[in-house]
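Fit chain B to the given chain A structure using the hints.
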Amino acid sequence: MAANSVEPLIGHPPVVPTSRSGPPAILADHLEVRYRNKVVWKNASFDVRPGEFVAVIGPNGAGKTTLFRMLLGLHWPSSGVLRVLGAAPRRGNPRIGYVPQRHTIDRETHLECDKLVRLAYPGTRWGPGGRFRPTQWGPRFDLRGEAAAAEKALEDVGASELAPKSLGTLSGGELQRVFLAEALVGDPDMLLLDEPLSNLDIRRSRELVEVIHRLVQSRGVTTLLVAHDINPMIKCLDKVIYIANGKVATGRPSDVLTSESLTALYGVPVEVLRDSRDNIVIVGGEDERGEEGA
Amino acid sequence: MSGGGPPWSWNLFTDLRFMWQYEFMRNAFEAGTMIALVAGIVGYFVVLRRASFASHALGHTGFSGAAAAVLIGVEPVYGLLVFTMATAGGMALLGNRASNRDVEIGTVLAFALGLGLLFLSLYQGYATEAYSILFGEVLGISTAGVDFTFWTGLVVLAIVALIYRPLLFSSLDEDVAEAKGMPMLVLNLAFLLLLAVTISIAVQIIGVLLIFALMVTPAAIAVRLTRRAATAVIVAILVAMTAVWAGLFIGFYEPYPVSFFIVGIVFVEYVCIRGMGVMRETAYLQAVDATEDEGVRALRNASLTAAVAQALFVVGALFLTESLLAHPDAAWSPSGLYGHAPVAIAFLVPAAVVGAASFLLYFAGFRKMATSSRDFTSPAFLTLVGILGITMTTGGLGLFLGGEALTATAYPLAPVAILFGVPLLLLGILLSVIGLFGQAVGNWRVGERYEENSLRTAAILTCLPLVGFVVAYLGYRRALARGAPSTVLPAPA
Chain A
1 MAANSVEPLI GHPPVVPTSR SGPPAILADH LEVRYRNKVV WKNASFDVRP GEFVAVIGPN
61 GAGKTTLFRM LLGLHWPSSG VLRVLGAAPR RGNPRIGYVP QRHTIDRETH LECDKLVRLA
121 YPGTRWGPGG RFRPTQWGPR FDLRGEAAAA EKALEDVGAS ELAPKSLGTL SGGELQRVFL
181 AEALVGDPDM LLLDEPLSNL DIRRSRELVE VIHRLVQSRG VTTLLVAHDI NPMIKCLDKV
241 IYIANGKVAT GRPSDVLTSE SLTALYGVPV EVLRDSRDNI VIVGGEDERG EEGA
Chain B
1001 MSGGGPPWSW NLFTDLRFMW QYEFMRNAFE AGTMIALVAG IVGYFVVLRR ASFASHALGH
1061 TGFSGAAAAV LIGVEPVYGL LVFTMATAGG MALLGNRASN RDVEIGTVLA FALGLGLLFL
1121 SLYQGYATEA YSILFGEVLG ISTAGVDFTF WTGLVVLAIV ALIYRPLLFS SLDEDVAEAK
1181 GMPMLVLNLA FLLLLAVTIS IAVQIIGVLL IFALMVTPAA IAVRLTRRAA TAVIVAILVA
1241 MTAVWAGLFI GFYEPYPVSF FIVGIVFVEY VCIRGMGVMR ETAYLQAVDA TEDEGVRALR
1301 NASLTAAVAQ ALFVVGALFL TESLLAHPDA AWSPSGLYGH APVAIAFLVP AAVVGAASFL
1361 LYFAGFRKMA TSSRDFTSPA FLTLVGILGI TMTTGGLGLF LGGEALTATA YPLAPVAILF
1421 GVPLLLLGIL LSVIGLFGQA VGNWRVGERY EENSLRTAAI LTCLPLVGFV VAYLGYRRAL
1481 ARGAPSTVLP APA
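One line per chain: the protein sequences are A and B, in this order. Mapping to the working numbering: the first sequence position 38 is 38, numbers consecutive. Numbers in the working numbering are just positions in the second sequence, counted from 1, shifted up by 1000.
FYI, nobody ran anything at the bench for these hints, they're computed from the structure. Please read these numbers as outputs of a predicted model, since none were measured by experiment. Keep in mind that the hints are not guaranteed to be accurate.
Okay, the calculated bits of chain B under chain A, using three or more residues with CB under 8 Å as the criterion [unchecked claim]:
#1 1153-1163
#2 1169-1183
#3 1218-1230
Interface residues of chain A toward chain B, partial, derived using beta-carbon atoms under 10 Å [as the list claims (entries may be wrong)]:
#4 Ile96
#5 Gly97
#6 Glu108
#7 Trp126
Quick list of simulated restraints, FRET-style, between CB atoms [to be verified]:
#8 B:Glu1269 x A:Glu32: 57 to 65 Å
#9 A:Lys38 x B:Asp1147: 54 to 62 Å
#10 B:Gly1275 x A:Glu155: 32 to 40 Å
#11 A:Trp126 x B:Glu1269: 27 to 35 Å
#12 B:Leu1430 x A:Arg107: 26 to 34 Å
#13 B:Glu1269 x A:Leu143: 24 to 32 Å
#14 B:Leu1189 x A:Glu32: 30 to 38 Å
#15 B:Ala1144 x A:Ala88: 55 to 63 Å
#16 A:Ala148 x B:Ser1009: 52 to 60 Å
#17 B:Leu1093 x A:Asn37: 19 to 27 Å
#18 A:Leu143 x B:Pro1423: 30 to 38 Å
#19 A:Pro122 x B:Gly1275: 38 to 46 Å
Where is the CB? At the ideal position from N, CA and C, for every residue including glycine.
In isolation and in its complexed conformation, chain A is listed as follows (with noise of 0.2 Å):
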């Protein structure tokens, strides 16, 4: 382990200072987690500014699930300092929205999208839907203010179309919309995305990336993806974190994915290939240390 040649690397400040102001969105200090007693990574410290658009890349079973997971409240690390949102990450925040890896909806699945959403707003809420509002007349069944909500959330992600389509009906990537709207539809701080961009084909990967670029453009909203190719996304990240082997690696695109980083923070031979598109390719560096489902 060349644990010293790392050190610049881990914790480090971003490269160039960006326009984003205020506290971090996302504070790792020294931070250490576990997956069933086993260390998935350990001694991670970096930052995410409010208004980054962040790629979290690695291969299978590296920590990025669990990384997420942590942020959601859901897992607690087991040692060093987390902080989400000013805060110390806690389950049910809704300030964040969460795209998870998993779904239960397939092709059996005949429900109106448009309801997929609306429930999610807030998605916390009992009883049958709706609530009762005062008006002139006595209390009256409403569920307008979901409606406009959810119409919005869809509008957002060029998906205005959708919401009567039965979500059983849905391609790949118009799929990845509606989970994307329903993530949106609380207007949230920070968008949790894990694995949107997996079955969908290079085109599909880029549009779905498009239309998040936009929304972390036009709602400054602190996005992080997890993926396994960078490429679709790589002129439009503003961060990359990078797990594998137990460690984790932020910065720029461009200083993190370079075959001398990557080989320094590993201690093997990574190499980083560029082709004439440049399109990345990380060989190496993935030995047998992933845990499935971590």
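Here is chain B on its own, set in the frame of chain A:
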């Protein structure tokens, strides 16, 4: 329950009033209505959460509970409640997705059935008790049982109203609901307990083996008819309700078990809905490798066949009218008609067969045309509906005439035959007309494509079938002779 009172009449209200004079029938209708209401609502969540196997398993553990209750001499429904709720609790504690673990559930299910068998063998009155638990005994519900069902159902409805929204959300997107801080264990437990209670009361009328028909199928039908959650719940309730009511109604006049009629009605409804879905998909399939020429040729043959069918139909109808005129007293009695119109029937039956064949040919033709233009997918679908219509008309007519003939000999099947025959006949005629409409639209569109006026005329004349189809035949001949269409439509997307 045949015999004993006035026979079945056409006036359904009189019939209902008559059967409600019996306490056991009142009890059955009251309990059945409440159970259909609760099963429809809870069933929607069963379908949404893919928990149909879990509901089946809960029914089976309920069997051992009911058998244990019989053994110690209490009402079976209490044993059902205890066992199903205990199983539901175990499933919920095992984890969120426990309701989907087929192997574990199956193992417990088999053991529970075996246990029930043991309890029943220890008990003396083996056969009848087992029979009513396995297949339901709705006519045996006591007034106390109705009260119990009513209050239990009310509690289930109240709890569903309370957790409707989070339950719906967590059924669709479990991980997000969890991240939003919803108590997943509580929701999952609540759902499984509701399911357990619903099954326990539903077993009274449908039995543990047939529980699927009330818990799952109505909701499965509903989700195929609507994309809205609230509407789907209402449709599921209506399907379950009509099945229970119609089943009880028929069961009153027939010596056969009510459970069979309920299951049968639900099954037929399900098959119809799925069949419609398949037809729609077939009609909208784009990849038929065929040229337009082949399409027009098929349509030409179809219109010729249709003309033959219409000719047979007209002759048959003439003979029918003539036979009625000769026997005026038989005019309003179908059983009289049955005796006097064999010649007419000899023409009408081939008319139906050839008509169905012409619909098939039309369907094939429009499908082939659909290769080059999407305009022909809807005529293809409507024609397919027409085929279903002709089949139903024929079946309905057969049931009706056959049933009426059998009424004379007071055979118990006759009321059912008529009860099913008349709606089948009416619906069949309606669908056949829709099919004809589809053919008219299709003909018009071919006419537009080839700028062939005789085809456009034929499309309008399809309302006067025989003439219309002859003109259509001539039109297709000319369209074929002309070859290429006047306008090249864009290829389907």
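*Which numbered conditions among the earlier hints are violated in the structure presented, ordered from lowest to highest?*
none
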